[in-house]
Every structure is written in C-alpha cells, then in structure tokens.
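Go by the hints and put chain C onto chain L.
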Amino acid sequence: MQLDDQSVLELARRNPDRAFHYLVENYSGMIYNVCLNLVLHREDAEDLTQEVFTAAYTSLENFEGKSKVSTWLYSIALNKSKEFLRAKTRQKRSGIQMSLDRDDSLWTPTQIINFDHPGVILENKERAAYFFAALQQLPPAQREAWTLHKLEGLSYMEVSEILETTVPSVESLMFRAKKRLQEILGDYFEKKRQ
Amino acid sequence: MSNTTDMNKREDWIERHLESTEFVHPVEASDALMLRLRSIPVQMGRKVYLVPKRAIWSLVAGLAVLITVNLIALSNYERAQEVHEAGRASDTYFSYMKQL
Numbered sequence: 001m002q003l004d005d006q007s008v009l010e011l012a013r014r015n016p017d018r019a020f021h022y023l024v025e026n027y028s029g030m031i032y033n034v035c036l037n038l039v040l041h042r043e044d045a046e047d048l049t050q051e052v053f054t055a056a057y058t059s060l061e062n063f064e065g066k067s068k069v070s071t072w073l074y075s076i077a078l079n080k081s082k083e084f085l086r087a088k089t090r091q092k093r094s095g096i097q098m099s100l101d102r103d104d105s106l107w108t109p110t111q112i113i114n115f116d117h118p119g120v121i122l123e124n125k126e127r128a129a130y131f132f133a134a135l136q137q138l139p140p141a142q143r144e145a146w147t148l149h150k151l152e153g154l155s156y157m158e159v160s161e162i163l164e165t166t167v168p169s170v171e172s173l174m175f176r177a178k179k180r181l182q183e184i185l186g187d188y189f190e191k192k193r194q
Numbered sequence: 001m002s003n004t005t006d007m008n009k010r011e012d013w014i015e016r017h018l019e020s021t022e023f024v025h026p027v028e029a030s031d032a033l034m035l036r037l038r039s040i041p042v043q044m045g046r047k048v049y050l051v052p053k054r055a056i057w058s059l060v061a062g063l064a065v066l067i068t069v070n071l072i073a074l075s076n077y078e079r080a081q082e083v084h085e086a087g088r089a090s091d092t093y094f095s096y097m098k099q100l
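So the sequence lines, in the order shown, correspond to chains L and C. 84 is the number that our numbering gives to position 84 of the first sequence; each next residue is one higher, with no gaps. 94 is the number that our numbering gives to position 94 of the second sequence; each next residue is one higher, with no gaps.
Mixed in with the good hints, there may be bad ones.
[What the hints assert, rightly or not] Here are the computed distance ranges between Cβ atoms for each label pair:
no.: 1; chain 1: L; residue 1: THR166; chain 2: C; residue 2: GLU22; range: 25 to 35 angstroms
no.: 2; chain 1: L; residue 1: ASN26; chain 2: C; residue 2: GLU22; range: 18 to 28 angstroms
no.: 3; chain 1: C; residue 1: ASP12; chain 2: L; residue 2: LEU122; range: 19 to 29 angstroms
[Said to hold, decoys possible] Mimicking BS3-like on lysine-lysine, the simulated pairs with C-alpha atoms at most 25 angstroms apart in a straight line are:
no.: 4; chain 1: L; residue 1: LYS178; chain 2: C; residue 2: LYS9
no.: 5; chain 1: L; residue 1: LYS125; chain 2: C; residue 2: LYS9
no.: 6; chain 1: C; residue 1: LYS9; chain 2: L; residue 2: LYS150
no.: 7; chain 1: C; residue 1: LYS53; chain 2: L; residue 2: LYS68
no.: 8; chain 1: L; residue 1: LYS191; chain 2: L; residue 2: LYS178
no.: 9; chain 1: L; residue 1: LYS191; chain 2: C; residue 2: LYS9
no.: 10; chain 1: C; residue 1: LYS53; chain 2: L; residue 2: LYS66
no.: 11; chain 1: L; residue 1: LYS192; chain 2: C; residue 2: LYS9
no.: 12; chain 1: L; residue 1: LYS82; chain 2: L; residue 2: LYS179
no.: 13; chain 1: L; residue 1: LYS82; chain 2: L; residue 2: LYS66
no.: 14; chain 1: L; residue 1: LYS125; chain 2: L; residue 2: LYS191
no.: 15; chain 1: C; residue 1: LYS9; chain 2: L; residue 2: LYS179
no.: 16; chain 1: L; residue 1: LYS192; chain 2: L; residue 2: LYS125
no.: 17; chain 1: L; residue 1: LYS88; chain 2: L; residue 2: LYS125
These are calculated hints, taken from the structure and not from any lab test. Heads up, the beta-carbon is just placed ideally off N, CA and C, and yes, glycines get one too.
For reference, chain C alone in the conformation it holds in the complex:
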C-alpha cells in the first residue's frame, strides 16, 4: 500500500514538473532589445537597395541578344559588299568588251 502511494507520489511529481506551460510563460522582448533590432539596418550600413537577380539576368540576356543581332548584321553587310564588288567588276569588264 505504502509502495503504491510512493509510486503515485513519484508519478504525480514527475507529471507536475513536465507541465512546463504552467510555470514557463512567454515574455515580451524588452524595449532595449526592440531598439537594438530596429537599428540593425542602420548598423549594417546598407543604404542602397541591391539590384534584384532577375533584373541582372534580364540585362545580361538583353546585351547578349543585342551583340548577336549586331554580329549577324555585320556579317550580312560584309557578304552583301563582296557580292556587290564582284558584280561591279564583271559589269565593268562586259561594258568594256561591248565598247570594243
């Protein structure tokens, strides 16, 4: 009987000490802490916002497209110039032959 009572006492004591929400209550952050937290951006000294990654990638892609278009246009122009030069030489030759 005494053993059972002892066991119950023990179990009750353990359970009472496991009910932490009864004796550990949430607390609010102090004003001093709030002040410290609010001043983090100032302490970090970041005044200028960083450019978002998406904007950087868009810029890189735009530049790549621009360079590609320019290279294609340049090569087309050079090819057209060559054809034009060749045509002019043959025209000169044939008009000379006609005169003869």
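Chain L extracted, bound-state conformation:
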C-alpha cells in the first residue's frame, strides 16, 4: 500500500502507531542506506536508523507536513549522523594519540579508512576505500551534499530542502566537493604509484 504524504499526515493524526509502521515499512531502507553512506559501518548505521525512527515516532504528531515525509526523515538522519560523527571525533581526540608520521611506503587506502559497508562487494573494496577515504576528508556540508546527490540519487532541489539551503548553494557545494575530491584522489594516485 503506497500512501501520498497528505494521507500519511492524516493517518498520523488518527492513528500514530499505524502511521509509524507505514514509515518503517516504506522508508527504513532509504534511511538505513543514507546512515550507512555517512557513517560507513553496518552496526553504527543500524543503531542510527533505530535512533532516527525513535525520533520520528516521538515527533510524528508534531510533523506538520511542511516538507515531504522523506525530506523530514532525511533531515533527522542527517542530524543524528552528524551527532554520531562528532561524538566519534571527540572520542578519537581524547583517545590514544595516533602517530601522525605515517610510513608512506606502507600506505594503502584501507590503512586510512576502516569501513564495513554491505553495499560494497569484495572486488570493489579497494576502489570504494579510496573513494570513502577522500569523501571523509571533505567538509561536512560538502560531504552531505555529495552523499545525498550522488549516492542517494536526490535532486538538487531535494538536497537543498534537506540541508535547508538554496539550490545555487547546493550547486556550489557540489562543485567544490568535486574539485576537492579530484585533488585528494589525485594525491592518492601519486602515492599509489610510488
């Protein structure tokens, strides 16, 4: 059963639990994938997906339908992922200081990024590792725009609604992200060749 956003909104007013189950059945895959592409770990993505749907459940009655249901859920997912990544960065900083003088002769992408993405098959793992390693080095706004547009396949308009910005700003974020990714991947190429 496929409902339009207005029907979901009406269902949420009449019977929030049924509306919630509808969201779980129809949007869990979408949210799991975006969490996975942002945090790059299966278990973390599952925990985050649960957090996103818990937040959606508690605020379902306050959802006024000003945006699309998918946009609303994407926004929650993005905020939760940001919180998670910030907490992870803090943990890393307060943890054991890792050596900054890495031996470049031993350098491989899997040494700089550790990911567990079930959507990447083994033969593509190295290629994905280079890509994710480069993506992780982008500023958060550029990384989010790139993930939503390129990996989730959303239009610039949808990305602008989720990031609460304008379409030209998204275009600019994408342009800068591509340029920076090309630079980083170029560096990786040189290191790989050495």
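Same frame as chain L, but now just chain C:
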C-alpha cells in the same frame, strides 16, 4: 607524449574512483533491524494516544465561553434583583401613603 599518457591515466583513475554508484550499491535493512524498528512503539511504552492540540484548544475555548456567559448572566441577575428590590420598596411606601 609520456606525460600526456600519465595525465590521462591519472584523470581516468580519478574519474573511475568518483563513479561511486558503480561500486557502492544500496542495501536492504536486515530482518533483525526491521524487528528493532517495528518494536519501537512497544519499547516507548505509549499505549494511550495523546489528545491532539486542536482538541485541547477547543476545550479551553469552550470552557472560557461557558464561564463568560455564566458571569454575564450572574451580573444581569444581580442587577435585576436590585431594581426589583428598589421597586418593591417604593410600591410599599406609596400604597401606605394612599391608605393614609
């Protein structure tokens, strides 16, 4: 010539690694995750639906109207009683005078 080939190789390699949709595929949520998601309402322990805000405001407005109407009616009644009392006193006085 060699430099151009190297540059092309580099560009190709970069472009190949930017085509993320070729090597990152969407996945379905596992059954275990679906189970966790479906059980959220039970875990949250919310059995009773919350009263919608609109209903609460309607109730408050209804109560306010009821109280206002009652206050107006009470003040009108008191005023009518005073007029009635005053009228009765003057009637008594004039009927007494008539008797005299």
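Please list, smallest to largest, the hint numbers that this structure does not respect. As far as the earlier hints go, not one is violated by this structure.
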